[in-house]
Amino acid sequence: ETGVTQSPTHLIKTRGQQVTLRCSSQSGHNTVSWYQQALGQGPQFIFQYYREEENGRGNFPPRFSGLQFPNYSSELNVNALELDDSALYLCASSLGGSPLHFGNGTRLTVT
Amino acid sequence: QKEVEQDPGPLSVPEGAIVSLNCTYSNSAFQYFMWYRQYSRKGPELLMYTYSSGNKEDGRFTAQVDKSSKYISLFIRDSQPSDSATYLCAMSTNQAGTALIFGKGTTLSVSS
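Read top to bottom, the protein sequences are chains A and B.
Quick note on this note's numbering: the first sequence kicks off at 598 and runs consecutively.
Quick note on this note's numbering: the second sequence kicks off at 50 and runs consecutively.
Be aware that one or more of the hints could be misleading.
[Stated by the list, open to error] Here are the simulated lysine to aspartate or glutamate pairs, EDC-like style, with alpha carbons at most 20 Å apart: (1) B:153 x A:672; (2) B:91 x B:52; (3) B:91 x A:682; (4) A:610 x A:679; (5) A:610 x A:672; (6) B:119 x B:54; (7) B:116 x B:64; (8) B:153 x B:52; (9) B:153 x A:681.
Please keep in mind that the hints were generated in silico from the structure rather than gathered at the bench.
Next comes chain A alone, as it looks inside the complex (with noise of 0.2 Å):
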């Protein structure tokens, strides 16, 4: 069995640039999930994909969107991107209302 995957690891990019995740869902999971966690906190929810649509949204502004694919892995987008959007990027699958299963994100630095 897969784990969630999420790629790259690591990123550096400039204020105001734009920046796009990737996820890879685990196998056999329909529903992907975005978090943010900045040092020091626990995640923060950032928005819910099933069936390739967004189904659910934390209190993120739309510069934050994504796509979810038929395949069912996903892409996280930013644009503008600002300081405090320095933080782990999660990306999580799971099937129908079970717990999730985290990948272990991508840590974008924002300068």
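For this one, chain A is given, so just place chain B on it according to the hints.
Frame of chain A; chain B shown alone:
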């Protein structure tokens, strides 16, 4: 007041000790309660999952949920150095995999 409160620690114990980790919450609609373990530079790993109130045991780990007090606990028996990690509580209202609200995490160090 934050929805989920968790003492960040750090908590240091000797090998073999019993560890108690706790979270309190304010939203009475939470029904699904999870504990995740996160090692440095890794993603959270699901340890325990409980629906509604009650106890659940898995090996050295026991999770307790007291909805009347809005209080959840994770007990680790016979703690090992490999248990050294950050422990995150997480909760949700309608499904275990949807819109989780996490605590800040408690950092645990077990010394041999």
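Among the hints numbered above, which are violated by the structure, and what are their numbers in rising order?
Per hint list: 1, 2 and 7 violated.
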